[in-house]
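Student: Here is what each chain is made of, one letter per residue.
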Amino acid sequence: MIYRFRLKKENLKKYIEWLIENYEVWGPAKVHGETVFTILKSADEFVDERTLLGPKELLFPRKENIFSPDSDIKERVVIGVRSCDLRGYAMLDDIFLSGIYRDEKYEKRRKNTYFINFVCKEPCEYGFCTTFYGPRLKDHFYMQFMDLGEYYLVEAVDKKLIKDDLFEPADEKDLELAEKIEKEFYEKMKPLNIENLHKKLDWNNPLWKEFAERCISCGACNFACPTCFCFDVYDEGDERYREWDSCILEGFTRLAGGLNPRPTLDLRLRQRFLHKLKFHYENYGYYLCTGCGRCIEVCPVKIDIRDVIRSVGK
Amino acid sequence: MQIRTVRTVCPYCAVGCNVIVTSDGKRIISVVPSKRNDINYGSLCIKGWKGFDAVTSKERLKNPMKRTERGFVEISWEEAVDIVVKNLSEIKRKYGPDALAFIASARCTNEDNYLMQKLARQVFGTNNIDHCARLCHSPSVEGLISTFGRGAATTSIADLDNAELYFIIGTNITEHYPILGARIINNVMKGKKLIVADPRNIHIAKFATLHLRLLPGTDLALLNTMANVIVKKGLYDKKFIEERTENFDEYLKVIEYYDLERGSKITGVDPELIEKASVLYATSRSVILYSLGVTQHVQGVQTVQAIANLAMLTGNVGKPGTGVFPIRGQNNVQGAGDMGALCDFLPGYVRVDDENGRRKFEEAWNCKLPSKPGLSLPEMFWEAYKGNVKAMYIMGENPVISESELGIVEEALKKLEFLVVQDIFMTETAEFAHVVLPAKSFAEKLGTFTNTERRIQLIRPFLDPPGNALDDWKIFQLIARKMGYDWNYNSPEDIMAEISKLVPQYKGVTYDCLSENGVQWPVNESCKGTEILYTEKFARSNGKGRFMPAHWERPSDFPDEEYPFILTTGGIYYQYTTGTMTRKVHILEREAPSPFVEINPEDAKSLGIRDGELVTVKSRYGELDVRARISDSVPRGILFIPFHYREAPVNRIVNPHIDPKARTPEFKVTAVKIVKKVIQ
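Respectively, the protein sequence lines represent chains G and A.
Here the first sequence is numbered in this note's numbering, starting from 1 and rising by one per residue.
Here the second sequence is numbered in this note's numbering, starting from 1 and rising by one per residue.
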């Protein structure tokens, strides 16, 4: 069941203020000239802008002591997250929360974090979300805001964060308008062809070597990705840490004796792309990519996952 | 839990990538690269993504400590300052001010460095203040001041995009300055040309239009030969030379000697390659980028001058897309030099023996300043070894690993009557100290760093300091006040206010105007900076650029029958200088956990050395054991050892000869032999 409301734009600030009164609220804000996710102390700080990175850290910290009690995890709202990121976090859930082992720390944070995603109005430079789930999600969201001009169309799966005096019911016309805007977005950002991509992708794609020439092994593609979940675990004194890892790094697959099944960069890059566009599909039935384009944007040498997708069938 | 988000600057190399960090005061929640196009355009290298966590290590120093018979014990700041003041003033009284030596740090802020040199000069009356620029870019300072008038990059990172050709000599750019290297790669992908002069098969060489694999220590001969070709072919910029330079005739006389045949013989590079490179350089809008492969030689200053000469010869300076770009190694090595943390320069590169220049500082600081240049970094250790330097005060530097002639560095430190080490960790050097003072790291303080393109940038605190660690500048103030000097700085901003009055390059700098983008020096009264230097005239007193020719000489230590290999040293991507920080970061250490010696497969085969085998590398100055890594990134006859590792401190065996002017040691060429390790 999806509840649909309108929120007048002039009421957005009031709404965020209400959220801040009741929850810890994170959202994009301008800090020294740059828009990043941070804790919002007042509604004025919020800016509806796509940030370079999504707030993945709030579910899956970049480095955490897994022996520490997680008493500090309280209810919080993350407003202004983009649909591509949020859709990616649903994929993280499949990793951390499904199967025999559930990651308790992740689960606790997930349960206590309410995401309010904003539908992008315009395509971004590197994004290709229309290839996968598009700017407006059909599912896997909690509360979704879409700019319809004078007001936002608000779609919510429950009413916990609906403040009655600010929201009014939406009607059919709003939905039609939303669909029209969405259609225009798809016109501007043409989806790439991913039909049977997982079957067609070439193990020996010449792109791996081409990319490897340029790659400087920074790991940014992994760190910026809303779906990358790999981590390393190690001890420091009496503490055990889990830290974001990168499959681009040599030490990622190095075995204890020094042998490395993926000793060169081209093989590691192949692993990254084939995991996303082939192996994950084979195991979970979907591609491990939401088309957010962040891996391209943060790449110092602009290695482009779209080239891999486009190379199929050429 | 107090969440804070700030813009700050990466503390590793001197590219000065901007980062927006969020933390709860104890741990780092997120690290986001800045999107600003003029520096890091939304990217970071692995040290930027992972390396910030080094300062959250539990091993951080939390309280002052003194050495006792039972080892180090924690003491109060009051006691620590008492001990420091008592000992330093006692030694000064007994032996004179020049028995003291101060080592500043390219890792610390401008404000920290400014106050340390002020402490040395005003409070203790000595010019014995220096820092690690002596080991890297001192030749750039000397070489570029003498030719152009200013000891810094003539152009900007963003302006590199306007060039048609990059001439990269003696710098492993993608490994040491990855984001700058990536910018070059992107430009080359767009069709720009690239010349690489480097003996090793470094990453950027894959993109080279021409790769000149010259013999180590022959850079000056190569540059002179290129000039010879350019002149012979008439490709030089006569108008530029006539209007804007001097001493051209002397230059012609010297380069005449370096015809292609001779140049090729000295450098080991195919004459055709040299010829092509010369033509390409002279006929394009070209930038020369270089670093320690050029400077760490006995002829370091002259090689830098030869680079400047080549740029003037072709008019490739002072215009968009041209210039000479020394890539500085450490986050604030440019700034530490600007602040006068050098034994021969006061702040703003006023020579200590320049009476007029000195007067301004004497008036401002209300004291008489010493006029004799102090001891340079290597000399400080020699003089301590000989018993002439009795006390040292070291901030944020780890000479036990970083200095050459390590054998004597340790001996020298042991001989000192008093050693203070002020750092964020218990370094190998701090182990020798009588007093250890805990400092705040970049993550806990406010201040400025000046990057490799002269950009003064603000760093902001995002973590709580561990224990009772203090700002470096605050510690100096405590000492100065105890010494009876009325220092009254309430914040680093107060210090910057004084700097902007005394250092013309920093005129008009305020923290307000630095807030987002920083500003490139020279800065005018209204805080407007300068992207490209020398657009109208050079900064020498007569406004002309000066050709400074020199003949190539054989490196001070050259292979012979007994020591047939040339050993060269350098860094690797995942580690940083002596590893004080990077080796505490799990992922970085995992990627590059141990030292190695790179040897060409042919050489390894003829010596029967297998990959991973333990070998001994011996020079005339020492020997060390290290594992062999067989790799064709080095040509035959050349070995390479990274300098980060205490397990194989390569500086113990390198050539200790120094450049006579800049006093930088010749780290890059040492004759060695390599033998299989016999295990008894």
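Hints are computed from structural coordinates only; laboratory data are not their basis.
Any given hint could be a false lead.
[Stated by the list, open to error] Below, a list of computed lysine-lysine pairs in the DSSO-like style, where the Cα atoms sit at most 30 Å apart:
#	chain 1	residue 1	chain 2	residue 2
1	G	Lys9	G	Lys163
2	G	Lys209	A	Lys193
3	A	Lys193	G	Lys105
4	A	Lys35	G	Lys209
[What the hints assert, rightly or not] Label-pair distances were calculated between CB atoms; the ranges are:
#	chain 1	residue 1	chain 2	residue 2	range
5	G	Lys188	A	Pro593	40 to 50 Å
6	A	Ile679	G	Val233	46 to 56 Å
7	G	Lys159	A	Ala497	41 to 51 Å
8	A	Pro601	G	Leu267	16 to 26 Å
9	G	Asn260	A	Lys265	39 to 49 Å
10	A	Asp270	G	Lys121	30 to 40 Å
[Claimed, not checked] What the simulated footprint calls covered on chain G by chain A, stretch by stretch (three residues with Cβ under 8 Å from a Cβ of chain A suffice, anywhere in the stretch; the number is not a length):
#	stretch
11	54-65
12	114-124
13	144-152
14	291-301
Owing to the predicted nature of the structure, the values given are computational and were not obtained by experimental measurement.
Beta carbons: idealized from backbone N, C-alpha and C, even for Gly.
Student: Next step is simple, just say for each hint if it's right about the structure.
Tutor: Here's how the hints hold up against the structure:
1. G:Lys9 with G:Lys163: The hint holds at about 14 Å.
2. G:Lys209 with A:Lys193: 21 Å, holds
3. A:Lys193 with G:Lys105: Status violated; Cα separation ~51 Å.
4. A:Lys35 with G:Lys209: 28 Å, holds
5. G:Lys188 with A:Pro593: 40 to 50 Å: Check passed, 49 Å falls within 40 to 50 Å.
6. A:Ile679 with G:Val233: 46 to 56 Å: 35 Å, violated
7. G:Lys159 with A:Ala497: 41 to 51 Å: 56 Å, violated
8. A:Pro601 with G:Leu267: 16 to 26 Å: 21 Å, holds
9. G:Asn260 with A:Lys265: 39 to 49 Å: Taking Cβ atoms as reference, G:Asn260 and A:Lys265 lie about 42 Å apart, which means the hint holds.
10. A:Asp270 with G:Lys121: 30 to 40 Å: 58 Å, violated
11. 54-65: holds (count 5)
12. 114-124: It is violated, with 0 qualifying residues against the three required.
13. 144-152: violated (count 0)
14. 291-301: Held - the stretch 291-301 of chain G has 5 residues with a Cβ nearer than 8 Å to chain A, which meets the minimum of three.
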